[in-house]
Each structure stands twice: as structure tokens, then as C-alpha cells.
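Colleague: Sequence:
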Amino acid sequence: MTHLFDDAVLAGVLGHMNGDHGDDNLLISRAFAAESGVDAADIVDARMDGFDGDGGRWTATLSDGATATIVAPWPGGPISERPEVRREVVALYDEACRRLGVEPRPHA
Numbered sequence: 001m002t003h004l005f006d007d008a009v010l011a012g013v014l015g016h017m018n019g020d021h022g023d024d025n026l027l028i029s030r031a032f033a034a035e036s037g038v039d040a041a042d043i044v045d046a047r048m049d050g051f052d053g054d055g056g057r058w059t060a061t062l063s064d065g066a067t068a069t070i071v072a073p074w075p076g077g078p079i080s081e082r083p084e085v086r087r088e089v090v091a092l093y094d095e096a097c098r099r100l101g102v103e104p105r106p107h108a
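Numbering follows UniProt numbering, in which position 87 of the sequence shown is assigned residue number 87; successive positions increment by one, without gaps.
Hints were generated in silico from the structure; no laboratory data involved.
C-beta: ideal position from N, C-alpha, C; glycine also.
A few of these clues could be false.
Said to hold, decoys possible - Restraint ranges, calculated between C-beta atoms of paired labels, are given here:
hint	residue 1	residue 2	range
1	D64	E84	29 to 39 Å
2	N18	A91	18 to 28 Å
3	V90	D45	13 to 23 Å
4	E103	D6	32 to 42 Å
5	V71	R98	14 to 24 Å
6	M1	A108	26 to 36 Å
7	A8	E103	32 to 42 Å
8	D54	R98	14 to 24 Å
9	V44	E81	31 to 41 Å
All chains should be built: construct the whole structure from the sequences, respecting the hints.
Modeller: Below is the structure:
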């Protein structure tokens, strides 16, 4: 069964990702677009709008103004603890960089 995080965890992570990591949201959305049936080149903006124990979910804004949902599973597999969320988002970022040929920034 998929783990569901409580509202406080969701609000904290989503606030951080959308407030401090807008470029990462765009990068991740473009890198995982094909799995969601979206052309990465059409994505002009993205916001992380949810996650659970199986992965993250982004709403991508497309060049024509439409939106699409991008879903990316956690690289390390299902999770159930708050500290695992950061680890998996970082892993998604690293994989997105690899897929798109972007040099990842160092992680603190």
C-alpha cells in the first residue's frame, strides 16, 4: 500500500520545492515528461503539486497554455519517512540532470 504523508509534511516539502527550487521542478518535469506522454520541449514551467510514498507529481505548463501532470517514481523505490523525501528528490534531480545532459550542482 502506498504511504501517504500528512498535510504538514506535504506543505513543508511543496513550499520548499516551489519557493526555492523552481528551476529543479522544470528540469525534473522535462526529464520525466516522456513517461507521462508529454513532449519535454513543450514544458515552459512546472510546480511540484504532490507526492506520496511511490513518487512525486508535478503540474507542467505547456507552451500552448495547457497543463499536464508529470509523475516520477522515487529512484530508490517506495518510501515512508519524511527524511527519505529529500534524498529521493535529490536523486530525481540528479537523474534529470543525467538524462538532459546538465551538470548537476553540488548538494549541501
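Colleague: Check the following: the C-beta atoms of A8 and E103 are separated by a distance inside 32 to 42 Å.
Modeller: holds, 34 Å
Colleague: Between V44 and E81, does the C-beta distance stay in 31 to 41 Å?
Modeller: holds, 34 Å
Colleague: Cβ-Cβ distance between V71 and R98: within 14 to 24 Å?
Modeller: holds, 19 Å
Colleague: Take a look at whether the Cβ-Cβ distance between M1 and A108 falls inside 26 to 36 Å.
Modeller: Once the Cβ atoms are compared, 34 Å apart, the range 26 to 36 Å for A108 and M1 holds.
Colleague: Given the hint of 32 to 42 Å, check if E103 and D6 actually sit that far apart at their C-beta atoms.
Modeller: Check passed, 36 Å falls within 32 to 42 Å.
Colleague: Honestly, do N18 and A91 meet the 18 to 28 Å range at C-beta?
Modeller: For A91 against N18, whose Cβ atoms are near 19 Å apart, the range 18 to 28 Å holds.
Colleague: Can the suggested window of 29 to 39 Å be confirmed for the beta-carbon pair D64 and E84?
Modeller: This hint holds: roughly 36 Å between Cβ atoms.
Colleague: Indicate whether the distance between the beta carbons of D54 and R98 respects the range 14 to 24 Å.
Modeller: Check passed, 21 Å falls within 14 to 24 Å.
Colleague: Return holds or violated for the Cβ distance of V90 and D45 against the range 13 to 23 Å.
Modeller: holds, 21 Å
In summary, the structure agrees with every hint in the numbered list given earlier.
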